[in-house]
Structures are given as structure tokens and as C-alpha cells.
Amino acid sequence: MMARRSIEPLVWILFSVGGVVAAMFVPVLLFLFGFAYPLGWLASPSHAHLVAVVGHPLVRVLLFFLCTLCLLHAAHRFRYTLYDGLQLQHLQELILLVSYGGAFVGSVAAGVLLWQFG
Amino acid sequence: MVDRITVEVARYRPEKEAEPSFQAYEVPCRKDWVILDGLNHIKDHLDGTLSYRWSCRMGVCGSCGMTVNGEPKLTCATFLADYAPGPLRVEPLRNFPIIRDVIVDIDDFMQKLSAVKPWLIRDAEKPLAEGEYRQTPAQLDEYKQFSMCINCMLCYSACPVYGLDPEFIGPAAIALAQRYNLDSRDQGARQRDEVLSKHEGIWSCTFVGECTKVCPKHVDPAGAIQRYKLSSAMGSVKDFLMPWRGK
Amino acid sequence: MSTERNRYTEFRPRWYRPKMSTWWWLKRWSSLAFILRELSSIFIAWFIYFFLRLVHALGRGDAAYREFLAWAASPGIVVLNGITFAFVLFHAVTWFNLAPQAMVVHLGGKRLPGALIAGANYAAWVVATALVLWIVSR
Numbered sequence: 011m012m013a014r015r016s017i018e019p020l021v022w023i024l025f026s027v028g029g030v031v032a033a034m035f036v037p038v039l040l041f042l043f044g045f046a047y048p049l050g051w052l053a054s055p056s057h058a059h060l061v062a063v064v065g066h067p068l069v070r071v072l073l074f075f076l077c078t079l080c081l082l083h084a085a086h087r088f089r090y091t092l093y094d095g096l097q098l099q100h101l102q103e104l105i106l107l108v109s110y111g112g113a114f115v116g117s118v119a120a121g122v123l124l125w126q127f128g
Numbered sequence: 044m045v046d047r048i049t050v051e052v053a054r055y056r057p058e059k060e061a062e063p064s065f066q067a068y069e070v071p072c073r074k075d076w077v078i079l080d081g082l083n084h085i086k087d088h089l090d091g092t093l094s095y096r097w098s099c100r101m102g103v104c105g106s107c108g109m110t111v112n113g114e115p116k117l118t119c120a121t122f123l124a125d126y127a128p129g130p131l132r133v134e135p136l137r138n139f140p141i142i143r144d145v146i147v148d149i150d151d152f153m154q155k156l157s158a159v160k161p162w163l164i165r166d167a168e169k170p171l172a173e174g175e176y177r178q179t180p181a182q183l184d185e186y187k188q189f190s191m192c193i194n195c196m197l198c199y200s201a202c203p204v205y206g207l208d209p210e211f212i213g214p215a216a217i218a219l220a221q222r223y224n225l226d227s228r229d230q231g232a233r234q235r236d237e238v239l240s241k242h243e244g245i246w247s248c249t250f251v252g253e254c255t256k257v258c259p260k261h262v263d264p265a266g267a268i269q270r271y272k273l274s275s276a277m278g279s280v281k282d283f284l285m286p287w288r289g290k
Numbered sequence: 015m016s017t018e019r020n021r022y023t024e025f026r027p028r029w030y031r032p033k034m035s036t037w038w039w040l041k042r043w044s045s046l047a048f049i050l051r052e053l054s055s056i057f058i059a060w061f062i063y064f065f066l067r068l069v070h071a072l073g074r075g076d077a078a079y080r081e082f083l084a085w086a087a088s089p090g091i092v093v094l095n096g097i098t099f100a101f102v103l104f105h106a107v108t109w110f111n112l113a114p115q116a117m118v119v120h121l122g123g124k125r126l127p128g129a130l131i132a133g134a135n136y137a138a139w140v141v142a143t144a145l146v147l148w149i150v151s152r
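Protein chains in written order, with the working numbering: chain X, 11 to 128; chain D, 44 to 290; chain V, 15 to 152.
Note that these hints are calculated values from the structure, not bench results. Please note that the accuracy of each hint is not assured.
[Said to hold, decoys possible] Computed footprint of chain X on chain D; a stretch qualifies when at least three of its residues, placed anywhere within it, have a C-beta under 8 Å from a C-beta of chain X:
1. 200–207
2. 242–255
3. 270–279
Even for Gly, the Cβ is constructed at its ideal location relative to N, Cα and C.
Put together the whole structure using the sequences plus the hints.
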């Protein structure tokens, strides 16, 4: 299989997995930490409990994947939105740098934060 | 007394006009008339210079596709009365160069269609004496939906990705490639993959989904493209994780 | 639009090639829905930023966590999160509804109906949501 050395299928599969992860987990997390706890709809969990949860190695790994996959998903989709919606194909290099570069920087930040957590 | 409806038809006469304009005609709006009947009425009784393509007038030949009030439609399968009291606008299919009036140039689509080799490919034909290639109803069901395509190009007309990037191989060609890839008698998937797995193949598609919505034969080209992306990506992931596999 | 490969001949004197408007997606509701669906990407990125701020605050102690909750309750952030929530839900629903078109599952030699695949996605969504609720608020 000589022709098959394109990176596109891999990027697409990461985009898709990211789409699934975002659809499954972001609504509930945003509901809890964006509304329910800050606005007092639900009693917010104690700091100690959340530190115990996020501090668990497995949770940290899963959260890292959540962040990375969601960011890659967003970057990929945003890139094509600029092509389709604003016809900016001629700015391809800049768009690639901003979208995937941004996702990369965000993923590194997530990795550092979760690695040093606790 | 029959109701009448105004049809505004796009006219483009390249020998004397730089760009298209609309010309209004009043045609009878009979309950059983489709838009194509209205166009034929114009051609026969009102203005013989109007140019458009049509043939079977029963949704099989795929030649009478036009843009009706902004939507790609088969004019032989769309009733005039549904647009009463009018006026309704008939324009050429979008995303194609216009040759004259509502006739578009379809060469690009024809080239793309043949590029995906939409026929049964065998590594070696078995001898005639061994009989036909048999297929179970379940095997037929695998591709039957995609075989309903009549090449009417409504999907290309609806596809913004094709409109923006004419190199995109497009919905119908990919659906037809899948029609043969999924056929148990076919062995040409690898040859078609060379065309499909390029950027201008499946990866240009952003799953707008309009192709599937406008398809008069319920082929679901968008589904065909996403399915191909998924199987192609799974193949790549396997190649990536197990580089020793395949060659 | 077509490509330049198409040769010029004397019987094809002049094509008219309409250009696609930059704002093509404002002309039909379904196109606008498509662009809105794609724009959900921005809001997912915002959520990740918001979430990482939470993680950062948690790591700095109880006071920082309280500060984060107060910041998240400020009107501007609540409005932004409200818009984000709408987009994220739109993403989730469109994603699950389109899943059957991309996935074909065979079970016992039979092809599962699309509604079942979408249904399985929604069921998984419920389970995932319940799981997060249970872990976070236990």
C-alpha cells in the first residue's frame, strides 16, 4: 500500500472520536460546573472531594484525553468552517497554524496542569 | 377554466448576452402537470427558443434536473400546483457552467464518474462453464440503495463543497464507487481507493448532508462518503498500529 | 465552475460561471444549521479552557476553588456558558443523529436499523451523564 501515507485518515478519526467524547461528556460537565454549582442549583461538592477525584491517576489520564480530543475535534472543524463559511482557503497556512497549533498548545497546557495536579 | 401560473425561466444566450436574465411565461397550472410539462408548453406554444434537457419524464433518465425556487429538483417529478399561486423560478443546476438557458455543462461530472470505475472489476473472470456469479438477497441489500442513482447531479448542485472546490470528486461518484465496492462480485475496491482516498476524494467532504436531502432516489451519498471515511480511517489506524501488516 | 480540463470548442462559445457567494449559507435554513453545527467547535474549545481553569483552581486550594465558582457565576460568564451549552447540545444531537449514516453494524448476519444505532448513542449518552454525575457528586 504505497499511496496510503496520508495523515488525513488519522486526523479524521481523532476528529470523530473527539466529537463523540465532546457529545457524551461536555454537556453534563458544563451543566454542573457552568450552572448548577456556581449558581447554587445544586450543593457544590467539597474541594477535598474534587481533589480526590481529579487526583486519581486514571481520572487524570482520562481528563487529558478529554481535553486533547475535544481540542483536536474543535480545531479540525473550525478549520473547515473557515474554508466553507468564509472561503479562506488562500490563508491555509495561517489557519492550519492557528487551529491545530492552538489545539497543540492547549493539549500541552492540559498535560502540564494534570501532571502537576495536587 | 384552468388556473394559470407564472414561470420565470433563466435565459442565457451566449451569442448575445453576457449574463443570464429571467423571462416570465404564463402556463396552465393543471393539477397533474409537473414543471417539465410547463416547460414543454412554453417550448411548444409560447417560445420555441427555450433550451432545456429532458428525456424520459418519469424520473429514470436523470436529465431534467433544474433549480426550482432555489432547490435542486427533478422537474419531471415536481408538480406545478405545489408552487401555486406562483410565480416560480426555474434556473439551471448550480455549481456547473451554464451553456445556454437552463442547460449546464456536465463534462466534469462525466469525467469524475468514470474515474471511480463504476463497473464490476474482477481479478480474473471465472470460466463460463462455472456459471454465473451468484448473490444472496442479503448481499444484494448491501449495495442496492447506492445502485438507485440516476446520475441526475442534483447532489452536485446541492453540495457547497463541490461549489467551492470543483476538484472534489463529489457525492454521486463516491456513492457509485461504494455501490461496486460493496458488491460481493466486485474486486476493484483497491483500484477505486486510489481516487477516493485522495484529499479531493472523500476527505474534502464536511458532511453538510445536503446531497442526501435532495436525492430523488434516496441514495444517501452523504452516508456512502462517511462510511467510506470510517472504513478507510480504520484501515489507516491498523496500518499505523501494525506497520508489519499488509504491504 | 467545472475545471479547465474541459476544452474550448467552437460550439461552446461562452460558458456562464456563476460564483458562489461567501454568504451562501445564509440563503437556506439547512445551510445555516450546518454552519451553526460547525461553529459549535469554537464553544467546545471555550469549554475546555473553562474546564482547565477549574482544574487549575482546584490545584491551588479551597480558596481558589471558591474564587472559580464566584467567577463562573458572574453574568458575562453565565451568558457565555449559556450560549456554549446550546451549541454543545446542538453538536451532541446532530452528532448522534448522523451516526447511523456513517456506521453500519451487522449483528447475526443482519444489518441493524439506523434508529437502533442512534438509540444506542443516546443510551450511551445517558449512561455517561449518569456516571459523571455520580462520580462528581458522590
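Residue count check for the region 270–279 of chain D against chain X: does it reach three with CB-CB under 8 Å? It holds: at least three residues are needed, and the region 270–279 of chain D offers 7 whose Cβ sits within less than 8 Å of chain X.
Does the region 200–207 of chain D contain three or more residues whose Cβ lies closer than 8 Å to a Cβ of chain X? holds (count 3)
When I compare C-beta atoms, does the region 242–255 of chain D have three or more residues closer than 8 Å to chain X? holds (count 4)
Checked against the numbered hints given earlier, this structure breaks none of them.
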